[in-house]
Amino acid sequence: MIRAMLLILTLAALPLPAMAHKVIFAVFKSGETIEGELGFSNGDMAPNARIEVFSDTDEVLGEAVTDADGFFLFTPTQPVRHVFKANLGAGHIAETDMSAEDVADILGVAAIASETSAAAAPVTTNTGTVVASLSPEERLAIAEAVRDEIRPLRREIAAYREKNDLQTVLGGIGYIMGLFGLYFYIAARRRMQG
Amino acid sequence: MHIVDGALSNPVVIAGTVLAVGGMAMGLKKLTLERIPATGILAASFFVASLIHVPIGPSSVHLILNGLAGLILGWAAFPALFVGLLLQAVFFGFGGFTVLGVNTLNIAGPAVLAWLIFGPMVERSSPRNGAIWAGIGGAFATATTTLGVAFSLMLTGDEFIPAAKLVFFAHIPIMVIEALLTGAAVYLVRKVRPDLFTAVKEPAE
Chain U
240 MIRAMLLILT
250 LAALPLPAMA
260 HKVIFAVFKS
270 GETIEGELGF
280 SNGDMAPNAR
290 IEVFSDTDEV
300 LGEAVTDADG
310 FFLFTPTQPV
320 RHVFKANLGA
330 GHIAETDMSA
340 EDVADILGVA
350 AIASETSAAA
360 APVTTNTGTV
370 VASLSPEERL
380 AIAEAVRDEI
390 RPLRREIAAY
400 REKNDLQTVL
410 GGIGYIMGLF
420 GLYFYIAARR
430 RMQG
Chain D
3 MHIVDGALSN
13 PVVIAGTVLA
23 VGGMAMGLKK
33 LTLERIPATG
43 ILAASFFVAS
53 LIHVPIGPSS
63 VHLILNGLAG
73 LILGWAAFPA
83 LFVGLLLQAV
93 FFGFGGFTVL
103 GVNTLNIAGP
113 AVLAWLIFGP
123 MVERSSPRNG
133 AIWAGIGGAF
143 ATATTTLGVA
153 FSLMLTGDEF
163 IPAAKLVFFA
173 HIPIMVIEAL
183 LTGAAVYLVR
193 KVRPDLFTAV
203 KEPAE
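Residue numbers (our numbering), protein chains in the order written: chain U, 240 to 433; chain D, 3 to 207.
It is worth saying that the hints were derived from the structure and are not from the lab.
Worth double-checking, as some hints may not be accurate.
[To be verified] Computed beta-carbon distance windows for the label pairs:
1. 36/D <-> 389/U: 55 to 65 Å
2. 286/U <-> 16/D: 31 to 41 Å
3. 24/D <-> 396/U: 36 to 46 Å
4. 407/U <-> 156/D: 47 to 57 Å
5. 405/U <-> 35/D: 25 to 35 Å
6. 178/D <-> 271/U: 50 to 60 Å
7. 320/U <-> 36/D: 23 to 33 Å
[What the hints assert, rightly or not] Some chain U residues well away from chain D (every beta-carbon gap over 12 Å; in silico):
8. 274
9. 306
10. 429
All residues carry an ideal CB built from backbone N, CA and C; glycine is no exception.
Using the sequences provided together with the hints, build the complete structure.
Shown next as structure tokens:
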């Protein structure tokens, strides 16, 4: 039994870089469109995958196809909840959604943005004038640049969330041992009584 | 290898659950006092083995070790693998709760099949030949699991042949590793503790 345990322990010590084979699917606001990414939790992205978009009432709103990096863009037309569905085959499916408020925000983004800049400009001094002097094109360019900058970060957070710690693995083994120990105890009691 | 929540239609999920519950009942009936520690250890090794990912091309696959569990445990592989799958779903989000039955069936079913087909040969032959048979059993269990996964997907609507090919070919390296590992483990057990097989295998039916 000791040797068997040693064998198990050596096996258990091997898998340090352990990752779940899960699908990561996320959508977020990106200017006047919805941007999304699709990939696996091991860091592989899913290129050329078809994504179907539905409303709350299962009405088809459209579809999108991911680019080489697993990103896709979808321009909403109705301020309703958008449900995104992807099927990567072999049982890998994923679903995510964007709330009606967020979609409405995207659709009304031009109006809201101009109001805030108009309101902010007179109040603030130096920096305020800089913001106000930016043309809408420049704002979009800055927003685009910021999104590009935080994209790897976002991906890293998603990957980190999927990471399996050694602690979790050991905890799982502990649970298994405990469960079987409990069952052993019950079985043994039953035998003692019988 | 783990089918996720929502990938299968309801009838498939329900049928899989019913069959898995049947297997569990059978397994628990055969799970005598003497077998419980071995069952626990194999459940733990299955739990851990599924975390060893082997990168294959654009994807990655992981060990299953269901052949080994089946050969040593027989029907008791059902509760052992179920517990492993349950905890994987809880801790890592592998698979999901509604598809637990289907996943248990797809992984423990081939384990029991491997035991029924190759178990007697492993027991009868010398340790060396037994190891070879065990290796074949290990590869067989993995192969059958991939077919089970493809079959479940087919019942839901995927085309069987492409799905089966995809899962099956991705797992060929895993089958080789499983065969070697199962063979080696059985050889070791036969050499070191030959009574593990008899003690665990021969309780009053």
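Status of the hints after comparison with the structure:
1. 36/D <-> 389/U: 55 to 65 Å: At 58 Å between Cβs, range holds.
2. 286/U <-> 16/D: 31 to 41 Å: holds, 35 Å
3. 24/D <-> 396/U: 36 to 46 Å: About 43 Å separates the Cβ atoms of residue 24/D and residue 396/U, which means 36 to 46 Å holds.
4. 407/U <-> 156/D: 47 to 57 Å: violated, 34 Å
5. 405/U <-> 35/D: 25 to 35 Å: For residue 35/D against residue 405/U, whose Cβ atoms are near 32 Å apart, the range 25 to 35 Å holds.
6. 178/D <-> 271/U: 50 to 60 Å: holds, 52 Å
7. 320/U <-> 36/D: 23 to 33 Å: violated, 56 Å
8. 274: Residue 274/U is indeed farther than 12 Å from all Cβ atoms of chain D, at 23 Å.
9. 306: holds, 16 Å
10. 429: Contrary to the label, residue 429/U does not stay out of reach of chain D, its closest Cβ about 9 Å off (not over 12 Å).
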